[in-house]
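Student: So you can see what is in the structure, the chains are spelled out below.
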Amino acid sequence: MRIELERRPEVSRLFSLLSPVIALALMMIFGGIMFLLLGKNPITALYSFFIEPLMEVWSLHELAIKAAPLILIGVGLSVCYRSNNWNIGAEGQFIAGAIAGSILPVVFHEWHSPLVLPLMLLLGMLGGALFAGIPAFLKAHLNTNEILTSLMLVYVAQLFLDWLVRGYWRNPGGLNFPETRTFDPVAVLPEMIASGRTHWGFGFAILAAVAIWFMMRYTLKGFEITVLGQSERAGRFAGFSTRKMIWFSMLLSGALAGLAGIAEVSGAIQQLRPVISPGYGFTAIIVAFLGRLNPLGIIVAGLVLALTYLGGEAAQLSLGVSDKVTRVFQGLLLFFVLSCDTLIRYKIKLVWSNLTGTATEGAH
Amino acid sequence: MGIFEAILLTVITAATPLVLAAVGELVTERAGVLNLGVEGMMVMGAACAFIATQVTGSPYLGILAGIASGALFSLLFGFLTLTLVANQVATGLALTILGLGVSGMIGEAYVGQSGIKLPQIVFPVLSDIPFLGPLVFKQDLIFYLSIAVVVGVNWFLFRSRAGLKLRSVGDSHASAHALGINVIRMRYLAVMFGGACAGLAGAQLSLVYTPQWVENMSAGRGWIALALVVFASWRPWRVVAGGYLFGAVSISQLHAQAFGIGVPSQFLSALPYLATIVVLILISHNRRTTLINTPASLGKPFVPDR
Amino acid sequence: MKKILFALATTAAVIGFSAAASAADKAKVCFVYVGSKTDGGWTQAHDLGRQELEKALGDKVETQFLENVPEGPDAERAIERLARSGCGLIFTTSFGFMDATVKIAAKFPDVKFEHATGYKTAPNLATYNSRFYEGRYIQGQIAAKISQKGVAGYIASFPIPEVVMGINSFVIGARTINPDFKIKVVWANTWFDPGKEADAAKALIDQGVDVLTQHTDTTAPMQVAAERGIKAFGQASDMVKAGPKTQLTAIVDTWGAYYIKRTQAFIDGKWESTSSWDGLKDGILTMAPYTNMPDDVKALAEATEAKIRSGELKPFTGPLKKQDGSEWLKAGETADDGTLLGMNFYVEGVDDKLPQ
Numbered sequence: 001m002r003i004e005l006e007r008r009p010e011v012s013r014l015f016s017l018l019s020p021v022i023a024l025a026l027m028m029i030f031g032g033i034m035f036l037l038l039g040k041n042p043i044t045a046l047y048s049f050f051i052e053p054l055m056e057v058w059s060l061h062e063l064a065i066k067a068a069p070l071i072l073i074g075v076g077l078s079v080c081y082r083s084n085n086w087n088i089g090a091e092g093q094f095i096a097g098a099i100a101g102s103i104l105p106v107v108f109h110e111w112h113s114p115l116v117l118p119l120m121l122l123l124g125m126l127g128g129a130l131f132a133g134i135p136a137f138l139k140a141h142l143n144t145n146e147i148l149t150s151l152m153l154v155y156v157a158q159l160f161l162d163w164l165v166r167g168y169w170r171n172p173g174g175l176n177f178p179e180t181r182t183f184d185p186v187a188v189l190p191e192m193i194a195s196g197r198t199h200w201g202f203g204f205a206i207l208a209a210v211a212i213w214f215m216m217r218y219t220l221k222g223f224e225i226t227v228l229g230q231s232e233r234a235g236r237f238a239g240f241s242t243r244k245m246i247w248f249s250m251l252l253s254g255a256l257a258g259l260a261g262i263a264e265v266s267g268a269i270q271q272l273r274p275v276i277s278p279g280y281g282f283t284a285i286i287v288a289f290l291g292r293l294n295p296l297g298i299i300v301a302g303l304v305l306a307l308t309y310l311g312g313e314a315a316q317l318s319l320g321v322s323d324k325v326t327r328v329f330q331g332l333l334l335f336f337v338l339s340c341d342t343l344i345r346y347k348i349k350l351v352w353s354n355l356t357g358t359a360t361e362g363a364h
Numbered sequence: 001m002g003i004f005e006a007i008l009l010t011v012i013t014a015a016t017p018l019v020l021a022a023v024g025e026l027v028t029e030r031a032g033v034l035n036l037g038v039e040g041m042m043v044m045g046a047a048c049a050f051i052a053t054q055v056t057g058s059p060y061l062g063i064l065a066g067i068a069s070g071a072l073f074s075l076l077f078g079f080l081t082l083t084l085v086a087n088q089v090a091t092g093l094a095l096t097i098l099g100l101g102v103s104g105m106i107g108e109a110y111v112g113q114s115g116i117k118l119p120q121i122v123f124p125v126l127s128d129i130p131f132l133g134p135l136v137f138k139q140d141l142i143f144y145l146s147i148a149v150v151v152g153v154n155w156f157l158f159r160s161r162a163g164l165k166l167r168s169v170g171d172s173h174a175s176a177h178a179l180g181i182n183v184i185r186m187r188y189l190a191v192m193f194g195g196a197c198a199g200l201a202g203a204q205l206s207l208v209y210t211p212q213w214v215e216n217m218s219a220g221r222g223w224i225a226l227a228l229v230v231f232a233s234w235r236p237w238r239v240v241a242g243g244y245l246f247g248a249v250s251i252s253q254l255h256a257q258a259f260g261i262g263v264p265s266q267f268l269s270a271l272p273y274l275a276t277i278v279v280l281i282l283i284s285h286n287r288r289t290t291l292i293n294t295p296a297s298l299g300k301p302f303v304p305d306r
Numbered sequence: 001m002k003k004i005l006f007a008l009a010t011t012a013a014v015i016g017f018s019a020a021a022s023a024a025d026k027a028k029v030c031f032v033y034v035g036s037k038t039d040g041g042w043t044q045a046h047d048l049g050r051q052e053l054e055k056a057l058g059d060k061v062e063t064q065f066l067e068n069v070p071e072g073p074d075a076e077r078a079i080e081r082l083a084r085s086g087c088g089l090i091f092t093t094s095f096g097f098m099d100a101t102v103k104i105a106a107k108f109p110d111v112k113f114e115h116a117t118g119y120k121t122a123p124n125l126a127t128y129n130s131r132f133y134e135g136r137y138i139q140g141q142i143a144a145k146i147s148q149k150g151v152a153g154y155i156a157s158f159p160i161p162e163v164v165m166g167i168n169s170f171v172i173g174a175r176t177i178n179p180d181f182k183i184k185v186v187w188a189n190t191w192f193d194p195g196k197e198a199d200a201a202k203a204l205i206d207q208g209v210d211v212l213t214q215h216t217d218t219t220a221p222m223q224v225a226a227e228r229g230i231k232a233f234g235q236a237s238d239m240v241k242a243g244p245k246t247q248l249t250a251i252v253d254t255w256g257a258y259y260i261k262r263t264q265a266f267i268d269g270k271w272e273s274t275s276s277w278d279g280l281k282d283g284i285l286t287m288a289p290y291t292n293m294p295d296d297v298k299a300l301a302e303a304t305e306a307k308i309r310s311g312e313l314k315p316f317t318g319p320l321k322k323q324d325g326s327e328w329l330k331a332g333e334t335a336d337d338g339t340l341l342g343m344n345f346y347v348e349g350v351d352d353k354l355p356q
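As you go down the protein sequences, you meet chains A, B and C in turn.
Under our numbering, the residue at position 162 of the first sequence is numbered 162, and the numbers go up by one with no gaps.
Under our numbering, the residue at position 247 of the second sequence is numbered 247, and the numbers go up by one with no gaps.
Under our numbering, the residue at position 32 of the third sequence is numbered 32, and the numbers go up by one with no gaps.
Since the hints were made in silico from the structure, they are not lab data.
Some clues are possibly wrong.
In silico lysine-lysine, BS3-like type, Cα no more than 27 angstroms apart, as pairs [to be verified]:
id, chain 1, residue 1, chain 2, residue 2
1, C, 353, A, 40
2, C, 353, C, 145
3, C, 120, C, 103
4, C, 120, C, 145
5, C, 353, B, 138
6, A, 221, B, 300
7, B, 138, A, 347
8, C, 261, C, 307
9, B, 117, C, 241
10, A, 40, C, 145
11, C, 182, A, 40
12, C, 107, C, 270
13, C, 314, C, 270
14, C, 241, C, 145
15, B, 138, A, 349
16, C, 55, C, 314
17, B, 300, A, 244
18, C, 149, C, 353
19, C, 107, B, 117
Here chain A stands alone, though its shape is the one from the complex:
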């Protein structure tokens, strides 16, 4: 048996909507079998994964909090990836933004003014953008591959943060533990809705997604990004500059990652500590592609991925499965979603024929 793909004449709208549903159905079946094999009730398991986190108001807030940085970073990355700039160092830009934005509440903690918060957010974006500016500069002017430089800078940012919170920025009243002073209320990103602790980071994420969606769809810049991403040559004929696009997309994604960083620190943690992100910058890469590099899709993808984290915890409690099981489940879900997206562009055919005659071309 062999699987063959046949390209559809145009992108299937039906399957654009249907493919996640098919993926979910497949996941229910496979996940159910997996939990049966582990000796757990599959219905309870699937319920805790997909439904339980959505049943209570506080949990919905947690979902928004978890999804906010994923969406914000993912949206920025989508612009990068659409224009063929492979920024995989958003984690570092997230940290750089968090550090830059925290200068005010940590170093100038005596300054209480309504200006503090907006300035923090600006500084956060600036910090993220500047940090992304390093690989941008190296790629645009010194021809250095951005995959390597952006990734390596993640480790540098992590170590720099570690050094800061253990040294100069350590909380003087904190018994020498590695964390900064807690932010003053003027420096804390307020909650969006009265019913829970969702902070404005989620609002920024939605705003950014809609804005970028608009830009990609209705502006010349969006067209430029798409053209340059598809063919550098075509872009040059149209008078677009690859070099400027490197700067634009990297700075934009850096700024959004930086905003995510300072929003997370100010809204959810309220201080800097040695580790402020459980890998949001990397998970956001998956979110970006899961959302098919479409800002509105990224909102959905971010929420779905956040749901699997919350569901994983619920399953740990209700079933007593280890968190490794939940990670396997998460990985499988991603696989199903990614492979079902094939249906949007292709028809899948199963060919029942022997393979004789095709096996002449060996690799050795």
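Assemble the complex: chain A is given as a structure, and chains B and C must be docked to it using the hints.
Tutor: Structure of chains B and C alone, referenced to chain A:
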């Protein structure tokens, strides 16, 4: 044994898994496939190699298990990205999540067990050469394999017909297809080779580097391997240079600390990453030579028109 | 689709309710772990404590846990989830969970919380910690007796007071035996990376130390020491399996004693918010059997352990000088707990510079 020799020995152990995983990924990428799941395949290899060794008592069977598990695991990636043309970047990252989960699950019962270290293979006479002997001729099988794989890959890519085909698949799958090369099949093999190498690198971690299994024991080495491929501009010997440079800087910073030089350890820890960036800048300023070596179809899906 | 989901939801809800009903008369005690429960180190020690608790109190108690919980907002969510799911007593077992625990404790005044190794308390939030440094003092004495070269290697994780305290206590102990004893410190900047810990161990041995101690969590340094034929100390759990001819002793975290004590108090309605910092005498840490050392060293170690247990000996007792030679404690003066908990300076004899 002098201290310099001792440091070099440590560097070799630290660099071998990086070199192995990177050279495997290099072949995958030369065929035009970007597999970001190296970390996941590596940690699977580490778990399976360790379990097989504990069960059978033979670290050599452990090596085989590591290689086989890496290759099989990469097949999952291959099926999704080659047969179903799913997005390579996302699938690779999902593979890493899955690998960390599955390895943690199957390895849970083996945490805390003391492993069997892969024995050294000592070349008589040669190992008595001062300095070089203990470094090069008194090592374990995986070290020798790592050198053999690099030599072999170098020969294969640039001296063999099949290697030429593989590179043509990576440079332009459309023309390769037009020439009658089975693009998908070639890519499947390249992906599996990458997986096998990552699995072997994992086996080195759980059988040589630290003969034990703990969850997540690859601790980011798969990512470094990925960066090394780019660093090496897709050339096998540069992978070796990069891997050993990275290893040397990481080990030296520990020695610098033990000497008590009084520089914050975070700065010393950041050195390997900064050094890699600086060297890459130095070697990639010539745009044309970089372009020649970059597989032009990297990351782009291929569906034959029928 | 909706119908199916609804059916699933009701079935699961029924299952959920019946489970809750049967558990109502039990005390539900919950744990939040920063690592995996089989990490062979810190988290595993807490999980062993949880299992001991289950064994000791039998059907009076039901336990639950969440593992690999990242610090920050994820911790806040995890703790809140436990508080909402009917846990009466929640142990959060990492320093980084401190502020998250404080926030959730304020939100759920009827639930009792206990936070390990922190310093913030509330009426329903207690803290607990273990005097690991007592064990380090004994290790220092053994090291000074065993070492031919008078230099020990110390693999440290991160410069936090607890680790610094351990280094100092080790040196103070060693210097009671050999006043010129020195240690070399390498910061691995990780709690948990077997490869890096092994590299650090090799670097230290290559620079001439002949006894090794670690404040990181994997057995990798022990394995390296075994391979190189020097002696070493285990950390967090008994690591003798990794070095049957290598391990001198190990500081074993035995949280179970504390968990049983506090849960019993909780069941009896006598739980109060405290800041407890227990030591060898309370059984919150124990020394693994003294092995691979001459009888006189073993006798010395046992004698020291007994003196610490009885309170006759306190490791941080003067005369002690700081690293720069300035006086810290006068003869007979003992450091107070506040100073120890915030310790960020070295005593004389440490060959390293502490990041300030």
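Student: Compare the structure with each hint and give your call.
Tutor: Outcome of the hint check:
no.	hint	result
1	C:353 with A:40	53 angstroms, violated
2	C:353 with C:145	25 angstroms, holds
3	C:120 with C:103	11 angstroms, holds
4	C:120 with C:145	40 angstroms, violated
5	C:353 with B:138	37 angstroms, violated
6	A:221 with B:300	24 angstroms, holds
7	B:138 with A:347	56 angstroms, violated
8	C:261 with C:307	24 angstroms, holds
9	B:117 with C:241	14 angstroms, holds
10	A:40 with C:145	55 angstroms, violated
11	C:182 with A:40	55 angstroms, violated
12	C:107 with C:270	22 angstroms, holds
13	C:314 with C:270	31 angstroms, violated
14	C:241 with C:145	23 angstroms, holds
15	B:138 with A:349	54 angstroms, violated
16	C:55 with C:314	33 angstroms, violated
17	B:300 with A:244	24 angstroms, holds
18	C:149 with C:353	22 angstroms, holds
19	C:107 with B:117	52 angstroms, violated
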